[in-house]
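> Below are the chains, spelled out letter by letter.
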Amino acid sequence: MSTAPLIGLYAPNDVLAWETDGPRFVSEFLADVAELAASLPDYPSVLNLLSSRYEFLVGFAAAMVRGQVTLLPQSRAPQTLRRIASENGDCYGLTDRNDTIEGLPCIAVPSTRVCPGRSVAIPRIPLRQQVAVAFTSGSTGQPMPNRKTWGALVSVARDTGIRFGLKADRCRAVVATVPHQHMFGLEASVLLPIQHGLVMHAGRPLFPEDVRTALEDVTGRSVLVTTPLHLRACVMAGVKFPQLEMILSATSPLASELAREAEDQFHAPVNEIFGFAEAGSVASRRTVTTDEWHMLDSVMLVGEDPAWSVQAEYLPRAIRFPDRIAITAQGKFRVLGRMEDQVNIAGHRASLGDLTRKLLEVEGVEDGAFFLPDIDQAPLTRLIAVVVAPGKTPQDIRRALRLSVDPVFLPRPLLLVPSLPRNETGKLPREALRRLVEQHAEQESHHEL
Amino acid sequence: MSSLALEHEVATLIVQTLKLKADPSTIQPEAALFGDGLGLDSIDALELSLAIAQTYGYQVKSSDPEIKAMFSSLRALTRAIEKNRTK
Numbered sequence: 000m001s002t003a004p005l006i007g008l009y010a011p012n013d014v015l016a017w018e019t020d021g022p023r024f025v026s027e028f029l030a031d032v033a034e035l036a037a038s039l040p041d042y043p044s045v046l047n048l049l050s051s052r053y054e055f056l057v058g059f060a061a062a063m064v065r066g067q068v069t070l071l072p073q074s075r076a077p078q079t080l081r082r083i084a085s086e087n088g089d090c091y092g093l094t095d096r097n098d099t100i101e102g103l104p105c106i107a108v109p110s111t112r113v114c115p116g117r118s119v120a121i122p123r124i125p126l127r128q129q130v131a132v133a134f135t136s137g138s139t140g141q142p143m144p145n146r147k148t149w150g151a152l153v154s155v156a157r158d159t160g161i162r163f164g165l166k167a168d169r170c171r172a173v174v175a176t177v178p179h180q181h182m183f184g185l186e187a188s189v190l191l192p193i194q195h196g197l198v199m200h201a202g203r204p205l206f207p208e209d210v211r212t213a214l215e216d217v218t219g220r221s222v223l224v225t226t227p228l229h230l231r232a233c234v235m236a237g238v239k240f241p242q243l244e245m246i247l248s249a250t251s252p253l254a255s256e257l258a259r260e261a262e263d264q265f266h267a268p269v270n271e272i273f274g275f276a277e278a279g280s281v282a283s284r285r286t287v288t289t290d291e292w293h294m295l296d297s298v299m300l301v302g303e304d305p306a307w308s309v310q311a312e313y314l315p316r317a318i319r320f321p322d323r324i325a326i327t328a329q330g331k332f333r334v335l336g337r338m339e340d341q342v343n344i345a346g347h348r349a350s351l352g353d354l355t356r357k358l359l360e361v362e363g364v365e366d367g368a369f370f371l372p373d374i375d376q377a378p379l380t381r382l383i384a385v386v387v388a389p390g391k392t393p394q395d396i397r398r399a400l401r402l403s404v405d406p407v408f409l410p411r412p413l414l415l416v417p418s419l420p421r422n423e424t425g426k427l428p429r430e431a432l433r434r435l436v437e438q439h440a441e442q443e444s445h446h447e448l
Numbered sequence: 000m001s002s003l004a005l006e007h008e009v010a011t012l013i014v015q016t017l018k019l020k021a022d023p024s025t026i027q028p029e030a031a032l033f034g035d036g037l038g039l040d041s042i043d044a045l046e047l048s049l050a051i052a053q054t055y056g057y058q059v060k061s062s063d064p065e066i067k068a069m070f071s072s073l074r075a076l077t078r079a080i081e082k083n084r085t086k
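Heads up: the sequence lines are chains G and B, in that order.
Under numbering that gives the first Met the number 0, the letters of the first sequence match residues 0 to 448, in that order.
Under numbering that gives the first Met the number 0, the letters of the second sequence match residues 0 to 86, in that order.
The shape of chain B in the complex, shown without the other chains (with noise of 0.2 Å):
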């Protein structure tokens, strides 16, 4: 799958996550994903590792040096997603 598939296709899994009520398509690609951007909160990450674990096999963890940076957009969550997957 290309970059910009798999982009959309964890757009998709973000809004339906948390049920968004938007078009996958309209989340800016390099725009926050929390605080003002989207305005997502840690209870937001939980349910977002979960759907991500059951999706792509990859647990997410907080010691993961990477961790800030992935969740900062939805580009930098599906270059993690696309490295550390394993389904």
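Next up, chain G with everything else stripped away, as it sits in the complex (with noise of 0.2 Å):
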């Protein structure tokens, strides 16, 4: 069987990843992966939660030496880790140190490593194995699992280095303000960077100064690896950034005046990444030159007007487009708007539906609907749930559906209401919920606290 390299081409004494205090050599990192792997339970499945990108990295790793499948939860929200543990077999979850998830067998990483620098050689893996699952939110309500073989990740981190021309002589590191348990955050942020020999900074920086900190811990050039939100700040927060060789962008669309503004302080191309998690990365553009996306080079654009997938060699099927989109040449398309269940906030992508339905699953609520505001130029636009719960407080129901719910989702406002203005045959008119929800912001603009 057809296998590739754990990591590419590295000399043993190479640094793989910027921790906190400081390096790791690729002869360490093997070494630290060979011991963890050695030491973990014989579970079909794991859920890494770990906030370091190099222990995720040293996790994920161990769990593909062994043969074993990293679970990707699409929120850390308690009832969603217990319902995908309990729907993936037998699993275990590696975690910080001072961290656990209820109800499941949890190691502590690091753990004292023993013999650190022993020779180990560099594990290859087999390209059909599966590797990673990566959850969306269905309508149904369930978590979706979309399973990703360690071909599809080679492929995907392939591609995008030769699209952007990534050399290891030019370019010295990766540093990510995204989270690595996210398709893009595990294609962009850890396989790009270790399948071009590229320094992986462990970090995840917040705010534009730890941006700043984490770009000058690594010598030489560096990709930024970031959303739009992100950037906006980085471009607007007035610090003094070090040259940059590239930024990729992903997860909402980038306007492409903040990509001209981001491009003049940087010094370097911005360049946007266009994925969902069912496909991973599929296509790529440089926001100021074009709105057409490119496919990378390994995926083609499959099907008819109006019903487009994806298919690659690496992915078991034809994946269809979440968004509706007009091919525009061979192997370009444009963006023309969104399917309409789907909603993505910074970057999290939801069904409206499915988080309707765990908003009814709330002890009290007797209706409710959640609603996304007509798109005004603010930068982040958040959901609106209008509800009938009555003797509750919105305070009650946001703190119990942030037990199911990612926070970027918890709506804001949430209006309590007597009756949902539902039509004869029992459903919501947008437009009906729009006008609700402005006579409410009008009489209650007090309410919300």
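Everything hinted at is true.
Taking CB as the label site, the calculated pair distances span:
id : chain 1 : residue 1 : chain 2 : residue 2 : range
1  : B       : Ala-68    : G       : Gly-102   : 27 to 33 Å
2  : B       : Ser-41    : G       : Val-387   : 26 to 32 Å
3  : B       : Glu-8     : G       : Gly-390   : 32 to 38 Å
None of these hints come from the bench; they were simulated from the model.
Ideal placement from N, C-alpha and C gives every residue a C-beta, glycine not left out.
Once you've looked at the hints, go ahead and assemble the two chains, each given alone in its own frame, into the complex.
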């Protein structure tokens, strides 16, 4: 069976990652992986919640070496974790030292390492081996599993590197503000550096000043892997950043004006990745020059208007686009709009139907709906919820929702109403909801807190 | 400016930046901003840090030992801004 090595071209004394306390050399990394792999329990799958990108990678690699699948939950909400764990057979957790997952056997990482520096060969992983499952929230309310093979991850990392001409002699490191448990984060901030012989920064900088410090930790030019929200903060903060090689942005569309400002400030091209959890990264564009997306080399568009899918050798089947698109040329497309039920808040995708279902599961809620307000010029749009729940306060409901819903989807505001404007067939016309929300916003502008 | 006046100014900044649709004077100075209180998250922290940098010239950073305490309440945030502001 064909295989691919865990990491790309490095010398044993090269730096593979940069931790808070300094470098992790390739030889050290391989020894850490071998040691953890030997101590993992004999379970088929693992929830890897490690917050250091380096420790996450060690855990991910050790699991692959043992033939185990890493589960990537779409949120850390306790109910989501429990549900995923219970539906994926025997499963254990890899957690930070002061963290656990309720009801699951957990291993704290890093454990005390006993024989650092022993020489270990680079493991080779079969391309067809299933190594990760990324969960998305489907309209059914169940987390939908999207299975990833090692071949899929390696292919995307290689195609992305080729697209942007990434070479270890020009570029030194990858610094990322995105979480590594997210599909784009796994591809662009973990696989991309280790497949191209670059230094993977283990941190996850949040504030612009954190980004600057992380970029200065590593010598030479870096790729900054980020989102429009973080990029906007960096551009507006008035912080002086070191020279970059490139910026890679994904998870939500980047405004071309912001892309231009970022290119000016960082003196580097800003490229966007188009991807979705079901297929991974599929296309890219340089935002200041075009609004057309260019498919990665191994990915093809198949189907016919309006039902387009992507196909690749490493995908088990053709996968439908989550957005409506128009083909503009061979291998190129424009995005026309999103599918009705899907929302994207700060790069997190969810189904409104699923969120509403979770709202209705809250004790005391008689009726309710989530609602995406018309997009204004604001950088961040939040969802609104309209709820019928006599005797409950918005805080009660928000507290309950927090257990099952990722915080970015928590409604703001959450409006308590006597009834919802349902029509005769029991449907909720969007226009009626919008009017209701507007009325309430005016009347009860002091009620939210 | 007195601490109390600054506290009200920061409350207004929070409400405007995060579009909370609330009267700034109703934010309890000692109540939690994140989690159960106002229910803010890390994206709000990022937005808030940007407004603080622009208004007070103070660049918030995670390596700051006081970072957790500082985002814990309106009063703590006001204290941190008072101490670190450059404009």
